[in-house]
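Residues per chain, in single letters:
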Amino acid sequence: MFDNLIAGMHVGRILPEIVLVGVVLLAILTDVISPRGKSTGPVRLVSLAGLIGVLVATILKKDDFGQAFGGMVMIDGFTFFFRVVLTFITFIIIYVSEKYIGLAKIRIAEYYLMLLLALFGMMLMVMANDLLILFLGIETMSICLYTLVGMSRHKASSNEGALKYFLLGAFTTGFFVYGIALIYGSTGSTNLTDIMVYFRTVNTAMPVIAWAGVGLILIAFAFKTSLVPFHWWSPDAYEGAPTTITAFMSTAPKAAAFAAFIRVFYVGFGDLSSGLEPVLWWIAVLTMTVGNLIALRQDSVKRMLAFSSITHAGYLVVALLTWEQMGASAILFYLVVYAIMNIGAFLVAIAVNRDESDEKGYSYEDYRGLGFRKPILAFAMMIFMLSLTGIPPTAGFFGKYYIFSAAVKSGFVGLAVIGVLNSAVSVYYYLRVIIMMYLKERDEEKEAPIFWAGEMVSIMFICVVLVIVIGIKPDWLLSIAQASVSGLM
Amino acid sequence: MQGVMFIVLALVTLFSALMVITRKDPVSSILYLVLTFFCFAGFYVLLGAQFLAAVQIIVYAGAIAVLFLFVVMMLNLREPEAEEGKELIPIWKPLGYAVGIGVGIVFLSYLASSPGPAIPPLNGGDEIYAMGRADFLGKALFTDFILPFEIAGVLLLAAVLGAVALAKKKRV
Chain A
1 MFDNLIAGMH VGRILPEIVL VGVVLLAILT DVISPRGKST GPVRLVSLAG LIGVLVATIL
61 KKDDFGQAFG GMVMIDGFTF FFRVVLTFIT FIIIYVSEKY IGLAKIRIAE YYLMLLLALF
121 GMMLMVMAND LLILFLGIET MSICLYTLVG MSRHKASSNE GALKYFLLGA FTTGFFVYGI
181 ALIYGSTGST NLTDIMVYFR TVNTAMPVIA WAGVGLILIA FAFKTSLVPF HWWSPDAYEG
241 APTTITAFMS TAPKAAAFAA FIRVFYVGFG DLSSGLEPVL WWIAVLTMTV GNLIALRQDS
301 VKRMLAFSSI THAGYLVVAL LTWEQMGASA ILFYLVVYAI MNIGAFLVAI AVNRDESDEK
361 GYSYEDYRGL GFRKPILAFA MMIFMLSLTG IPPTAGFFGK YYIFSAAVKS GFVGLAVIGV
421 LNSAVSVYYY LRVIIMMYLK ERDEEKEAPI FWAGEMVSIM FICVVLVIVI GIKPDWLLSI
481 AQASVSGLM
Chain B
1 MQGVMFIVLA LVTLFSALMV ITRKDPVSSI LYLVLTFFCF AGFYVLLGAQ FLAAVQIIVY
61 AGAIAVLFLF VVMMLNLREP EAEEGKELIP IWKPLGYAVG IGVGIVFLSY LASSPGPAIP
121 PLNGGDEIYA MGRADFLGKA LFTDFILPFE IAGVLLLAAV LGAVALAKKK RV
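Protein chains in written order, with our numbering: chain A, 1 to 489; chain B, 1 to 172.
Please keep in mind that the hints were generated in silico from the structure rather than gathered at the bench.
Some hints here could point you the wrong way.
Stated by the list, open to error - Keeping only pairs whose Cα atoms sit at most 20 angstroms apart, straight-line, the calculated SDA-like set for lysine to any residue is: (1) B:Lys168 with A:Asp31; (2) B:Lys139 with A:Lys446; (3) B:Lys168 with A:Glu441; (4) B:Lys168 with A:Lys446; (5) A:Lys164 with B:Ala167; (6) A:Lys446 with A:Ile435; (7) B:Lys168 with A:Ile28; (8) B:Lys168 with A:Ile33; (9) A:Lys374 with A:Glu441; (10) B:Lys139 with A:Leu132.
Said to hold, decoys possible - If you want the ones that stay clear, here's a sample from chain B, every Cβ over 12 angstroms from chain A, calculated: (11) Leu46; (12) Gln50; (13) Gly102; (14) Asp144.
As the structure is a prediction and not an experimental result, all values here were calculated from the model.
For every residue, glycine included, the Cβ atom is placed at its ideal position computed from N, Cα and C.
Bound conformation, chain A alone (with noise of 0.2 angstroms):
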């Protein structure tokens, strides 16, 4: 009996995340017996090395799929897609990091071990399909995302963002716990492929206590998306936290979230797609438009990036809206896209900041004849800056493309044109960066040192080049993506 229970279980379907959990006992046992004060070096080789074995553990159950534990998650391509999308950014973020700590003054070795586990997280809410894990994914994500937003303890701004963040994310904890609660008490089930069943049986009669559950769990996802209006505590615990962690934040957490968003809403909620419309309709629109107007008045780079983030998920809840296999697909292709342009400005940012423990700082004026001054540097952020704003021939381009031909052809034409408008919005508060660098003149008086690590370097040429790369050839990830995508629906 005892065999057979062990069996059904198909615990090897899980093996990426048990080795990332050894890797994390690992470093911790590294930092241990590392000598004071020197752990983060090795601890930073443990973990990346543990982040290759997880890509291999990942790679080596390729063909492994189906659900495990009981039907509590799901193995499938959706899943092996985001494993290793997540491995990837987290290993980035592991890999720049190094010399950034040292200069932000965090240099401890909690701040990887909290890297590590938040992607143990992200792992758990991607192959979610059960309430119950999703839960427990998003609450290990979260709880280390609120200690590396804080960990610049003698910064006032980052003791704000992380304590806004905390305060906000434990309301939507508590959102989220009894959204489950109601779903629970009326579909009889935490697990979604039964909440399908029972709602393609009662569809047309559901009980309010159904719609109150789902509408709590919509909010609890809106606020881990940061849609507007629960949008508040990002830029905030954007701006104070440490950059890497903010390009951390803005990709690989943003990535789980929607991946999560679309198993329980195309999955579970599947069927109540027609009653949902609306509500995602002006959240979509909203979120677009809000977060493209507060860019627009923002004097820091690092502020205006974390808002457009908040524009960036209104577009792909616009993907999300079409319910179909083509929307979920172009929100797959955006967040990869959107990660590696990303990451890349940020690191452009990091190197051209003028103080690091200045509060504000990465101010625009900073740019200022960057491009005289370091043209290849300049030429990176103007890449980066090009995609974000979605001009061909780069990634971005096709990722704005794809989302909003698919809301086209699903009949969301007007979403597509307001989508499109604020693209254009959005042209402004990109091309001020790259005027500040070509066409201002320099002020060499008021010019900072170029903060230069030799990894942040590669880590923005493989940026440049993917950018350029999937903006000249973009089938191939986007058929990775529609393969990733055809199992789930």
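Dock chain B against the given chain A, drawing on the hints supplied.
Frame of chain A, contents of chain B only:
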């Protein structure tokens, strides 16, 4: 035997609960609160819900009461001074008596009018009683819910590491 235990527990509970609200010193008030929590755990055991009893002790008597203690000690509350403590807001005391007596009357009249709910058998064999037993919960935790159980462990590890990272002295 169980009847005697119930009466002893009930008396201790009432006594300690009264002490919680009558002590002037907040620290001893909280210590009596811990005793009250322990007595509740005793009731749960009598009802056949051992797991609930264990959770009651771990969560309430352990974690929450200790948290209270820490907060009270950190705030460093002094004893209310005699000359000032003379009826700061005179309305509160009669109001408290009135509410207490009112609730008491309602409660007693309810007891007098209805026979009250049937008292469940102390070692009931029903399914619903089995749910609260440690072996039942243990089996569920280690079979159907093994994955969430293990993940909760990692979640706690993350929380501990995060708390240490934010609280420990800087050595940069």
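Structure-based check of each hint:
1. B:Lys168 with A:Asp31: Holds: Lys168 (chain B) and Asp31 (chain A) sit about 15 angstroms apart, inside 20 angstroms.
2. B:Lys139 with A:Lys446: violated, 68 angstroms
3. B:Lys168 with A:Glu441: violated, 46 angstroms
4. B:Lys168 with A:Lys446: violated, 37 angstroms
5. A:Lys164 with B:Ala167: Distance of about 18 angstroms is within 20 angstroms: holds.
6. A:Lys446 with A:Ile435: holds, 18 angstroms
7. B:Lys168 with A:Ile28: Distance of about 16 angstroms is within 20 angstroms: holds.
8. B:Lys168 with A:Ile33: Holds - the C-alpha atoms of Ile33 (chain A) and Lys168 (chain B) are around 18 angstroms apart, at most 20 angstroms.
9. A:Lys374 with A:Glu441: holds, 13 angstroms
10. B:Lys139 with A:Leu132: This hinted pair holds, its Cα atoms lying about 18 angstroms apart.
11. Leu46: Its Cβ never comes within 12 angstroms of chain A, the nearest being 29 angstroms, so this holds.
12. Gln50: holds, 24 angstroms
13. Gly102: At about 33 angstroms from chain A, Gly102 (chain B) clears the 12 angstroms cut-off, so the statement holds.
14. Asp144: At about 6 angstroms from chain A, Asp144 (chain B) fails to clear the 12 angstroms cut-off, so the statement is violated.
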